[in-house]
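Just need the whole structure built from these sequences, with the hints factored in.
Number of protein chains: 2
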Amino acid sequence: MSSEFVSLEQCLETHIPEQELKEVKRILYGGEVPLLTIPEQAEKLSQKHNFEIKGYQISAAKEDLTSPRIVRVGITQHSIVAETTAPVSAQRAAIHEKITLMTEAAALCGVNILCFQELWTMPYFFCTREKQPWCEFAECAVSGPTTQLCQELARKYNMVIVSSILERDHTHGDTLWNTAVVISNTGYYLGKSRKNHIPRVGDFSESTYYMEGDTGHVVFQTHFGRIAVNICYGRHHPQNWMMYGVNGAEIVFNPSATVGGLSEPLWGVEARNAAVANSYFACAINRVGVETFPNEFTSGDGKSAHKNTDFFYGSSFVAAPDGSRTPGLSRTRDGLLVCEMDLNLCRQAKDSWGFRMTQRLDLYASSLSAAIQPDYEPPIIKDLC
Amino acid sequence: MSSEFVSLEQCLETHIPEQELKEVKRILYGGEVPLLTIPEQAEKLSQKHNFEIKGYQISAAKEDLTSPRIVRVGITQHSIVAETTAPVSAQRAAIHEKITLMTEAAALCGVNILCFQELWTMPYFFCTREKQPWCEFAECAVSGPTTQLCQELARKYNMVIVSSILERDHTHGDTLWNTAVVISNTGYYLGKSRKNHIPRVGDFSESTYYMEGDTGHVVFQTHFGRIAVNICYGRHHPQNWMMYGVNGAEIVFNPSATVGGLSEPLWGVEARNAAVANSYFACAINRVGVETFPNEFTSGDGKSAHKNTDFFYGSSFVAAPDGSRTPGLSRTRDGLLVCEMDLNLCRQAKDSWGFRMTQRLDLYASSLSAAIQPDYEPPIIKDLC
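Heads up: the protein sequence lines correspond to chains V and C, in order.
Here the first sequence is numbered in numbering that gives the first Met the number 0, starting from 0 and rising by one per residue.
Here the second sequence is numbered in numbering that gives the first Met the number 0, starting from 0 and rising by one per residue.
It cannot be assumed that every hint is accurate.
Because identical chains cannot be distinguished in the list, a pair is counted as satisfied if it fits within a single copy or across any two copies.
[Unchecked claim] Derived DSS-like pairs (lysine-lysine); straight-line CA-CA distance at most 25 angstroms:
| # | residue 1 | residue 2 |
| --- | --- | --- |
| 1 | K130 | K306 |
| 2 | K24 | K349 |
| 3 | K61 | K302 |
| 4 | K349 | K302 |
| 5 | K43 | K97 |
| 6 | K155 | K21 |
| 7 | K47 | K349 |
| 8 | K349 | K381 |
| 9 | K155 | K61 |
Simulated from the structure, these hints should not be mistaken for lab results.
This is how it looks when you write it as structure tokens:
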């Protein structure tokens with residue numbers, strides 16, 4: 000049933016009586032998030048090109064001294080387009096075209112900051128562990144064709160764009176990196192943020208291709224707010240989420256590529272935990288579909304060789320610092336989620352729960368500094384009986 | 000409806016058709032955890048004294064070189080017994096009696112390690128901000144009457160007991176602490192672990208009574224496994240959970256006292272996120288009921304003075320390192336949850352997902368050491384346009 004089950008939210012809405020549904024939503028989602036009206040033109044575009052659009056509003060309390068800091072954030076999830084046997088150029092061009100349309104829809108919805116899924120220009124080929132032709136998908140972060148496309152779109156729509164690509168770093172030995180490029184709303188290359196934690200599990204053989212990122216926990220002060228990018232597997236590491244918060248992020252994007260068998264029960268947990276613990280908005284983004292490769296590969300699970308990946312389950316959502324969250328996009332379809340948020344909610348959550356005041360960073364700086372020493376002796380009290 | 004809604008799980012079971020329920024449970028709970036048979040004598044005791052008992056089994060893969068490391072963990076949730084106007088001695092004695100019965104039930108279920116809720120001997124009086132008579136509930140961790148009771152029970156039933164109390168430290172200025180005492184299965188006082196993060200929100204005026212704990216992230220090597228205690232509000236701090244893992248804990252208890260309006264949407268998220276991120280079992284424990292105090296107090300929320308706390312929602316559960324979890328106990332009734340677990344699952348989860356290998360503690364030791372400096376300049380890339 001897994002790939003036919005459209006979404007958890009749809010199932011709950013269908014079967015649970017209204018009065019109880021309210022309690023279920025309160026416990027599971029922190030309440031019901033109001034809908035945002037999607038403009039007709041955007042709806043039409045999405046119907047024509049077969050992707051869904053959902054819109055939500057997360058507001059903050061009115062303040063006397065500070066005006067609301069309203070920003071519309073968009074996140075997209077999509078399947079690949081061409082077969083993986085097509086030339087690399089054709090595969091990339093087809094996805095560029097799809098994302099250009101989705102970006103147009105986002106612009107029609109008034110999106111200010113748009114983030115695509117992880118490695119959005121390519122199939123998730125790391126499962127093959129083959130180097131060619133796949134490494135051809137790598138591009139220069141500053142001037143590659145994908146960055147150029149994003150710059151055009153950013154300028155055209157006055158939109159900050161976060162674009163996760165496979166990076167080729169020509170100035171450092173032609174090395175590969177898993178990198179998010181941030182383009183300002185004026186089309187200017189603001190900088191990049193590399194994936195800090197690299198998986199080594201199942202089809203996720205990324206450590207075959209690139210190393211742990213060396214850009215630390217950089218935050219981008221854009222025209223619309225302070226953003227950061229925690230790429231994919233970094234969401235399993237709360238300390239990674241934490242450092243983006245320590246450095247001032249108000250919105251952290253988590254562009255991902257992850258499959259049902261591995262991570263789905265954690266999907267609603269990790270980004271949301273991070274949003275609450277760090278008093279910022281966290282945007283969890285996954286791809287959709289099953290991808291088929293020319294040559295068979297194994298998944299390190301003792302099963303037979305095969306040519307298909309497991310099922311990428313979409314379900315992209317936005318989590319707020321106050322413990323609320325939007326429903327997820329579909330598990331199966333391309334989609335654009337638009338979330339209008341008031342960034343004042345970040346500071347209000349800090350003032351209310353106080354997690355940023357009570358986090359005792361000095362304790363952890365010294366505890367971790369001790370713990371990483373080779374001769375560290377953990378404080379373990381032993382029962383000698 | 001909030002206080003009549005018995006549990007999320009019961010609601011889902013009642014309304015969702017079988018085939019879809021399987022998917023819902025997979026996504027929300029990581030699948031279905033098998034039930035543990037509860038002995039008839041324990042059932043009888045629980046019926047007679049009006050508390051529920053639920054039992055679950057979380058197993059691990061068979062290994063060649065290592066035998067299963069099976070341990071039965073018990074957690075209890077309960078309401079107070081006597082009115083808060085009764086003498087302190089009577090209030091405490093009545094709860095001692097209730098817990099003695101629940102411990103007997105746990106022993107009948109073969110529990111090896113039992114943990115009670117936070118400050119289990121007393122009402123949650125911090126909302127009043129009154130010092131008398133409430134501070135009388137404080138006891139010596141090593142030799143107070145509650146520790147003595149736990150020692151008797153531990154010896155009688157060959158059970159490790161984790162007992163969260165309000166501590167009076169006579170050797171350090173008669174200071175108060177929020178402290179968990181760990182008693183070995185032979186009745187020996189193993190040590191104590193103090194609450195590291197203290198709330199300052201709503202009815203949780205604990206900072207009026209005691210300071211942040213100074214016992215760091217101590218782990219107790221008991222006869223049945225390595226355990227640690229992350230008390231209540233510490234569950235909002237992922238770095239706190241992390242250090243117990245770094246120091247070797249296999250089971251981390253989170254005895255809590257928390258209310259619906261404040262934290263319920265986070266309850267299923269935080270302990271579970273910690274179990275996965277740190278590859279250990281996390282046991283989330285809350286109290287139940289509404290507590291009424293003699294004098295009115297306000298809750299810092301602009302509402303009128305009142306004498307009742309908000310609703311403590313129970314829902315205690317166990318989360319496993321593989322992303323699975325047990326259902327929660329009821330939101331309204333006293334209860335004992337017994338979970339049989341194979342501690343090999345901790346290492347197996349480390350090997351499978353690799354989160355402990357990929358966590359880059361050295362990066363965070365240096366990042367945090369830098370971040371706590373008064374003149375720290377976060378790495379923020381500014382859009383100058």
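Hint check:
1. With identical chains, the CA atoms of K130 and K306 are at most 25 angstroms apart within one copy only, with a shortest distance of 16 angstroms there and 68 angstroms across copies.
2. For the homomeric pair K24 and K349, the shortest alpha-carbon distance inside one copy (24 angstroms) is at most 25 angstroms, but the shortest distance between copies (33 angstroms) is not.
3. In this assembly of identical chains, the alpha carbons of K61 and K302 lie at most 25 angstroms apart only when taken from different copies (18 angstroms versus 56 angstroms within one copy).
4. In this assembly of identical chains, the alpha carbons of K349 and K302 lie at most 25 angstroms apart only when taken from different copies (21 angstroms versus 48 angstroms within one copy).
5. In this assembly of identical chains, K43 and K97 lie within 25 angstroms of each other by CA distance solely inside one copy; the values are 15 angstroms within and 64 angstroms between copies.
6. Taking the shortest alpha-carbon separations for K155 and K21, neither the intra-copy value of 41 angstroms nor the inter-copy value of 46 angstroms comes in at or below 25 angstroms.
7. Proximity of K47 and K349 under a CA criterion of 25 angstroms is satisfied in neither setting, with 43 angstroms inside one chain copy and 46 angstroms between copies.
8. Within a single copy, K349 and K381 get their C-alpha atoms only as close as 39 angstroms, which misses the 25 angstroms cut-off; across copies the closest is 23 angstroms, which meets it.
9. For the homomeric pair K155 and K61, neither the shortest alpha-carbon distance inside one copy (33 angstroms) nor that between copies (59 angstroms) is at most 25 angstroms.
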